[in-house]
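**Q** Respectively, the protein sequence lines represent chains A and B.
Take any residue in the first sequence, count from 1 to its spot, add 11: that is its number in the numbering used here.
Take any residue in the second sequence, count from 1 to its spot, add 11: that is its number in the numbering used here.
Just so you know, these hints were derived from the structure itself, not from any lab.
Relax, there's no trap hidden among the hints.
Repeated chains share a single entry, so a pair holds when one copy, or any two copies, can fit it.
List of simulated lysine to any residue pairs, SDA-like, C-alpha gap at most 20 angstroms: (1) 193 <-> 252; (2) 148 <-> 55; (3) 152 <-> 52; (4) 45 <-> 57; (5) 272 <-> 301; (6) 272 <-> 284.
There are 2 protein chains.
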Amino acid sequence: MSKRVSIKNIAEELGISIMTVSRALNNRPNVDEKTRGRVVEAVRRLGYIPNSLAVSLAQRKTYTIGVVVPEITNSFFYHVISGIEEIAYSQGYQLMLNHSAEDANREMSAIQTLASKRVDGLLVSVANTVKDYSIYKQIIKLGMPVVFFDRCISGIGASCVRVNDMEGAKAITNYLISLGHKRIANLCGPQTSPIGRARLEGFKEALKENNIKPVKELVVESGLRSAGGYEAMKNIFRQVGGKLPTAVCAVADPAAFGAMKAIKEAGLKVPDDISVVGFSDDIRAQLVFPSLTTVRQPAYEVGLRAAQKLIAHIEDKDEAEEEIIIKTELVIRQSCKAAER
Amino acid sequence: MSKRVSIKNIAEELGISIMTVSRALNNRPNVDEKTRGRVVEAVRRLGYIPNSLAVSLAQRKTYTIGVVVPEITNSFFYHVISGIEEIAYSQGYQLMLNHSAEDANREMSAIQTLASKRVDGLLVSVANTVKDYSIYKQIIKLGMPVVFFDRCISGIGASCVRVNDMEGAKAITNYLISLGHKRIANLCGPQTSPIGRARLEGFKEALKENNIKPVKELVVESGLRSAGGYEAMKNIFRQVGGKLPTAVCAVADPAAFGAMKAIKEAGLKVPDDISVVGFSDDIRAQLVFPSLTTVRQPAYEVGLRAAQKLIAHIEDKDEAEEEIIIKTELVIRQSCKAAER
DNA sequence: TTGTACGCGTTATCAA
DNA sequence: TTGATAACGCGTACAA
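Could you build all of it, start to finish, from the sequences and the hints given here?
**A** Given below as structure tokens:
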């Protein structure tokens with residue numbers, strides 16, 4: 012903390028009371044313009060910077076929002092953060108940023124610290140290791156507004172902003188089906204995570220609605236990363252023998268990149284032999300060859316909406332709890348081709 | 012801010028003084044274990060969360076660091092932020108994050124707000140529109156530690172952590188020269204920015220040390236982005252006629268991507284006809300075809316070192332001001348080939 | 001071991 | 001228009 016020049020010093024310097032200084036600085040009407048001028052001058056001369064801590068203590072309001080994300084170096088999350096920052100800035104709030112590194116304890120300690128710093132509200136994307144929701148229940152019970160985003164906890168009285176994973180997965184699967192594909196592999200995410208479940212469910216539903224029987228060997232868990240996609244694709248090649256899928260639907264773009272690599276190594280071509288789609292519109296999706304057809308998640312908008320909702324909760328205790336779904340968007344590029352009949 | 016349970020409430024609840032509660036909670040030795048037990052129980056029951064504002068106000072210490080970056084959605088900066096976060100976490104500091112969107116006014120207001128929140132120190136990467144350093148001078152004079160990173164202001168009493176752009180540019184130019192290239196184009200950044208200047212200087216120095224005469228028409232300002240690289244490369248094709256460069260050195264990876272596109276469109280091949288190198292090791296550099304040889308900037312480490320230095324300044328007022336240079340690293344991939352003799 | 005008084009910097013309230 | 005005092009929540013210093 013820096014050197015201390017307080018309104019008291021200014022008051023003494025000018026031989027007036029601290030209240031007059033306070034009023035002058037807060038542009039209250041009832042202060043002589045001449046006095047105000049002297050105060051402003053003294054403030055400049057002494058290099059006075061108001062102390063928000065004292066203000067916050069007295070007013071029980073910090074104009075600060077706590078943000079907790081599992082990872083910062085993840086394009087989805089930093090775009091979300093960017094959206095949050097934008098709203099916060101425009102509404103006069105500051106951000107306290109923490110990342111949990113997907114660790115439940117670290118997340119809990121972050122929440123506790125933020126609460127003790129008396130942030131006005133909390134924006135959190137829950138680490139996937141979190142099992143115990145009691146800290147959130149306590150915080151919410153204490154009256155601190157919480158809005159979850161992407162990774163939500165439902166049923167504990169907090170609003171939530173998320174992306175419609177299920178519909179997105181369904182839409183991109185339907186796209187493949189519309190191209191004539193019937194034998195579609197799925198590289199899915201861990202079924203312990205809501206996202207992994209939702210995307211697989213969307214995939215299955217699309218098949219079902221089109222009367223395509225799901226093939227067990229074509230659904231392989233790959234995880235969300237590139238290496239997993241690569242291995243999963245190789246497994247499929249190994250297991251299905253000659254009856255190759257004509258298309259592959261991956262749970263996330265990096266997994267799709269891995270799958271593309273495996274396909275190329277098998278001497279096959281994307282999309283001529285096998286079409287591939289991903290999910291998330293990673294920054295690399297348009298640069299790989301062939302560029303990847305995928306589902307865009309409007310991360311920035313998730314941040315905007317979450318921050319808006321939180322501030323609404325902060326500024327109006329009666330703001331209704333809500334589940335906000337941001338629509339995904341199909342991005343068609345060059346990794347798919349009509350299936351041969 | 013949440014509902015208020017203070018140590019005073021706990022004291023009343025238990026019929027003891029607030030000091031006993033305070034001592035019990037801070038694990039001071041001189042408090043009866045039985046009393047401590049009762050306090051802990053009451054704390055849990057009432058859902059008490061300590062108020063750091065009050066502590067900070069009294070102790071003039073917030074355990075909070077202010078961070079200001081020009082952009083969040085930039086891989087360099089969010090890796091830096093990630094490094095900062097890691098050190099802050101391990102040392103018990105919180106982060107207040109702001110982005111200036113490269114706007115001088117917004118940056119100034121961020122600094123002012125952070126100062127008024129009484130952060131213990133400031134970590135800032137200066138927006139390239141900033142001309143007036145007086146706010147920084149004022150803050151530093153007031154005794155608040157400031158460490159600049161990447162975009163620094165020198166000579167005003169603050170430490171600085173940056174990457175050795177000049178050496179990096181020189182090294183990658185030397186790499187091209189070692190492959191036998193003599194006719195090397197340079198797509199440079201704006202010469203108003205320190206980074207643009209440093210990288211061009213490194214390029215020129217490498218030529219000079221190898222007795223290669225710089226060719227004016229081969230040095231074209233492209234800016235740091237892809238579109239600029241594309242246009243700049245097309246300009247070069249237009250202007251030099253038959254005497255094409257055998258290699259291109261771009262100020263940043265995106266510019267290199269643009270140049271590669273222009274080269275391909277001209278019916279030439281990378282690296283067979285023209286070698287290309289970039290700078291920054293963008294996440295896409297290894298995915299483009301051919302993968303891009305570039306200079307890696309250890310962004311995460313910049314964050315680590317900057318945060319460490321700042322905390323050192325915070326915790327020891329006599330910590331020496333310092334300019335810390337993080338070494339870049341040549342990353343050789345497949346976008347270069349030996350020049351034909 | 002426990003309690004009292006005061007200060008941190010500011011605003012709200014009420015009085016002058 | 002201006003000022004004195006209490007309050008915000010906590011810890012330090014000193015006293016009991």
